[in-house]
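Visitor: Residue strings, one per chain:
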Amino acid sequence: MLLSGADILVECLIEQGCETVFGYPGGQILNVYDSLYTHQDRITHILTAHEQGAAHAADGYARVTGKVGVVISTSGPGATNLVTGIANAYLDSVPLVAICGNVTTAQIGSDSFQEIDITGVTLPITKHNYFVGSVEELADVVREAFLLARSGRPGPVLIDIPKDVQIAKCEYEPQETQQEVPKSAAKDIRIEEAAALLNAAKRPFIYFGGGVIAAGAQAEMLETAEKLDAPLGCSLMGLSAVPTDHPRFLGMQGMHGHYASSMAMHHADLILSLGVRFNDRVTGNRQKFAVGAKIVHIDVDGSELSKTVNAACGLRGDVKFTLQKLLTRLDNHPKPQWQEEIAAFRRDEECLLDKRTGMTPRNVICEINTQIGANTAVCTDVGQHQMWAAQNLSFKTPRRFVSSGGLGTMGFGFGAAIGAAIGTRERSVLITGDGSFGMNLNELMTAVRYNIPVTVVIMDNGVLGMVRQWQTLFFNRHYSNTVLDRGIDYGAFARAFGADGETAESTAELNAALNRSFAREGPYIIDCKIDKDEFVLPMLPPGGSMDDIITRLEVKA
Amino acid sequence: MNRYTVAVLVNNKFGVLNRVTSMFRRRQFNINALTVSETETSALSRITVVFSGEDQAKQQLINQLYKLPDVCSIKEFNAEDAVSCELLLIKMKNDAQTRDEIRHAADAFGAVIVDYSKDYIMFRLTDSTGRIDDFINLMREYTIMEICRTGSVSLEKGSSTIRQIVNL
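Protein sequences appear in the order of chains A and B. One point on numbering: in my numbering, the residue at position 521 of the first sequence is 521, and numbering is uninterrupted. One point on numbering: in my numbering, the residue at position 151 of the second sequence is 151, and numbering is uninterrupted.
Keep in mind that the hints are not guaranteed to be accurate.
[What the hints assert, rightly or not] Only pairs whose alpha carbons sit at most 30 Å apart, straight line, appear in this in silico BS3-like list of lysine-lysine:
hint	chain 1	residue 1	chain 2	residue 2
1	B	118	B	93
2	A	355	A	529
3	B	58	A	294
4	A	187	B	67
5	A	202	A	227
6	A	202	A	169
7	A	187	B	157
8	B	67	A	294
9	A	183	B	157
10	B	67	B	91
11	A	325	A	187
12	A	187	B	118
I should point out that these hints are in silico values taken from the structure, not numbers from a laboratory.
Start from the sequences and build out the full structure, keeping to the hints where you can.
Guide: Spelled out as C-alpha cells, the structure:
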C-alpha cells in the first residue's frame with residue numbers, strides 16, 4: 001500500500017511490537033505525530049515535560065521489559081535534549097531507538113532553523129545511527145535499527161528523518177518482526193581452556209554484570225557457582241540478576257561495594273567474569289586489583305576482553321550458551337576451606353554494618369524493602385542515595401533495579417521511574433536525593449497527567465552528599481557549592497502539580513508515608529530528612545586497592 | 001611499540017570513513033597512516049590503517065572496528081605475507097649547487113622527475129614506507145619545499161582475498 005514516510009514509521013514501530021513510545025513533538029516531526037494521532041488505538045505515546053525525561057523513560061521502560069525503548073523528538077534542540085539519555089543508554093547497554101525529525105533534505109547543511117547534525121553529535125554514543133535520505137529506505141532502516149539495538153550487546157540506535165521524507169510516499173510491505181541475529185557460544189577451544197582453569201581453581205569467584213541479565217543467563221550462572229562452590233558478586237548493573245538473599249550472593253563490588261564481596265574477589269585465585277566490564281569504579285587501582293587471580297572473561301562484546309584488565313582466557317560469545325557448554329566440562333569441587341574464608345569475610349562485614357536506629361540511610365532503604373513486591377521496579381538517581389540503595393535493597397526478580405551505572409546521570413531517575421511503572425504495570429519507587437531530584441523534577445507533570453504510580457523517596461540532606469563526602473575526605477572540608485539548603489516544601493510542591501506528598505522525620509513516619517503512597521493512585525512524594533554528614537561506606541579511595549579500604553569514619557562536623 | 005597494518009573492508013556509504021576515524025579519535029589510537037578508496041566493487045571501500053602500539057591495543061582496535069555495522073571484514077597483514085607500498089610526491093628547491101647531488105640521490109632511490117623548472121624539481125617515488133622515509137631523510141640535507149605522501153596500501157600475497165574472511 002502507498003503510505004507516507006510518517007505512516008510507514010508508525011507501521012514499522014507497530015511491526016516491532018512497540019506498545020508505548022515516549023517523546024515530545026515539534027516542527028520537524030509534526031507528520032510523525034499526525035500518524036501517531038491516527039494510530040492512537042494501536043500505539044500509545046507518552047508526552048513528557050522535556051525530551052531528556054522521555055529518553056530516560058524509554059530507557060527505564062526498556063530495562064524493566066527487556067524490549068526496545070523508543071523515544072521521539074523534533075530536530076535541533078529536541079534532538080540535542082536526547083543526548084544525555086542516549087549516552088546513558090549507551091554506557092549501560094540498554095536497547096533504545098531514538099527517532100528525530102530534521103529539516104528537509106534540501107535544507108540540510110544550510111544551518112536552517114532548528115537544524116542540527118544529530119547523527120554527527122551522537123556518533124560516539126550510539127551503536128549506530130542513520131540519516132534517512134529517501135522514503136524508500138525508511139522501513140528497512142527502522143527494522144535494522146531495532147535489530148541492532150537488541151542484538152549482541154544491546155545499545156541505542158538513532159534514526160534522523162528529514163521532514164520531506166516523512167511526507168513523501170512509497171509502497172509499504174508489512175513484514176514479520178525480524179528474528180535476532182543468531183546467538184552463539186564462544187569457540188570450543190576457549191571453553192576447554194576456561195574449563196581447565198576453573199577446574200584447577202582453589203578460590204574461584206564469580207563476578208557478573210548487566211550482561212547476565214541481558215542474556216538471561218542467571219540459571220546457568222547459579223549452576224556454575226554450585227559446581228565450582230564459588231561465591232557471587234556483581235557490578236552495579238548486575239544487581240537484581242539473582243535474588244539478594246541467595247546464599248552464594250555477596251553483593252555489589254567496587255568503590256562502595258559490600259565488604260565481603262570485595263574481599264572475596266580480592267583474595268580469589270580465579271575470577272569468572274560474566275557479562276561485565278572491569279570499570280574503574282570496580283577495580284580501583286588496576287595494578288593492585290586482585291593480583292593473585294586469573295581472569296576468565298565471557299562477554300558477547302569481544303572488545304571488552306582484555307580491554308582494561310588482562311584476561312587469562314577471554315571468551316567472546318553469548319553468556320548463556322557459553323555457560324551451557326562450559327558446565328558440561330566442569331567437575332564438582334567442594335571447597336570447604338574457601339567457604340570458611342568467605343564466612344569470615346561475612347562475619348567481618350556483619351561487624352561493620354551500620355546498626356544505628358533512627359533515620360539512617362540504611363534504615364530508610366530497609367523501610368522501602370518492607371513495601372516493595374517481587375515485581376516492583378526500584379529506580380535511583382545518582383549519588384549517595386544510589387549507593388545506599390545498591391547496598392541495601394533486596395530484590396527477588398531480575399530487571400527490577402533501574403539505575404544509571406556507566407554515565408552516572410543525575411536526573412535520570414524520575415523519567416526512568418515513569419518508564420519502569422509503565423513497563424511493569426505497577427507502582428515503581430524512585431529513590432533520589434534532593435540534588436538529583438532537582439534536575440528533572442519537571443517530570444512530575446508527566447506522572448500526574450497520566451496518573452502514573454511512582455513513589456518518590458527523596459533522601460533529603462540539603463547537600464550534594466557524594467561530592468560533600470569527597471570534599472570531607474580529600475578537600476579539607478571545603479564545601480564548595482555543595483550546600484543546597486533550598487528549603488523546599490516538597491509536599492506543597494507535589495500538591496501544586498496535582499500530586500500529593502509529605503515529610504518523614506522518623507522511620508515510623510516513613511513507614512506510614514510509604515503505606516499511604518502504595519494505597520493510592522498516581523505519584524506521591526516523600527521527603528525523607530537525613531543528616532548531611534552521612535557517609536557511603538565502605539569506600540575504596542580513588543586509585544586505591546582493597547588494602548586502602550575505608551570501613552569506618554568518625555566524621556561529624 | 002610495534003607497527004601494524006590492518007586492511008578494513010567497509011560499506012561504500014556516505015559517512016563511513018567518519019565513523020571509523022571518529023572511533024580512532026575517541027579511543028585515542030595512534031594512527032600513522034590511513035588510506036581509503038573504492039574496491040573491485042562499488043559497494044565496498046577499502047581502508048588501510050597503519051597503526052603503532054602494543055599488541056593489546058592492536059587487538060582492541062580490531063575488536064572496536066568489528067563493532068561498527070558498516071565494517072564487513074578485517075585483515076591484519078604481516079610484512080612477509082603482504083605487498084605494501086606508498087606513493088610520495090616531493091618538491092625540492094632547484095639551484096645550481098645542489099642540483100646534481102639531488103638528482104643522483106633520486107636516481108639511487110628510483111625516484112622519477114615529474115616536473116622541472118629553474119626554481120624547483122618535483123619527484124615521484126613509489127616504494128615501501130621505510131624506503132620513502134629514507135629518501136625524505138636524505139632530501140632533508142637540501143631544501144624541501146613541499147611533501148605529499150599517500151600512506152601505505154597493502155594486499156596479501158597469494159590468491160586469498162579479504163572478502164573471503166567470515167567475521168566472528
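Visitor: Hint by hint, say whether it matches the structure.
Guide: Comparing the hints with the structure gives:
Between the alpha carbons of residue 118 (chain B) and residue 93 (chain B) the distance comes to roughly 9 Å, so the proposed pair stays at or under 30 Å and holds. Taking the CA atoms of residue 355 (chain A) and residue 529 (chain A), the gap is near 18 Å; set against the 30 Å cutoff, the hint holds. For a cut-off of 30 Å, the pair hint linking residue 58 (chain B) to residue 294 (chain A) stands: about 22 Å separates their Cα positions. Pair hint residue 187 (chain A) plus residue 67 (chain B) holds up; C-alpha atoms about 19 Å apart against a cutoff of 30 Å.
The suggested pairing of residue 202 (chain A) with residue 227 (chain A) holds, with an alpha-carbon distance near 13 Å, which does not exceed 30 Å. Using a Cα cut-off of 30 Å, the hinted pair residue 202 (chain A) and residue 169 (chain A) is violated, with the two alpha carbons roughly 66 Å apart. For the hint linking residue 187 (chain A) to residue 157 (chain B), the alpha-carbon distance of about 28 Å falls within 30 Å, and the restraint holds. Distance restraint check for residue 67 (chain B) and residue 294 (chain A): the Cα-Cα separation of roughly 27 Å lies within the 30 Å cut-off, and the hinted pair is therefore satisfied.
Distance check on the hinted pair: residue 183 (chain A) and residue 157 (chain B) sit about 34 Å apart at the alpha-carbon level, beyond 30 Å; violated. For the hint pairing residue 67 (chain B) with residue 91 (chain B), the CA-to-CA distance comes to about 41 Å; that exceeds 30 Å, so the pair is violated. In summary, the hint linking residue 325 (chain A) to residue 187 (chain A) is supported, as the alpha carbons are separated by about 10 Å, within the 30 Å threshold. Restraint check: the Cα-Cα separation between residue 187 (chain A) and residue 118 (chain B) comes to about 65 Å, which exceeds 30 Å; the hinted pair is violated.
Figure legend: structure checked against the earlier numbered hints; hints not met, in rising order: 6, 9, 10, 12.
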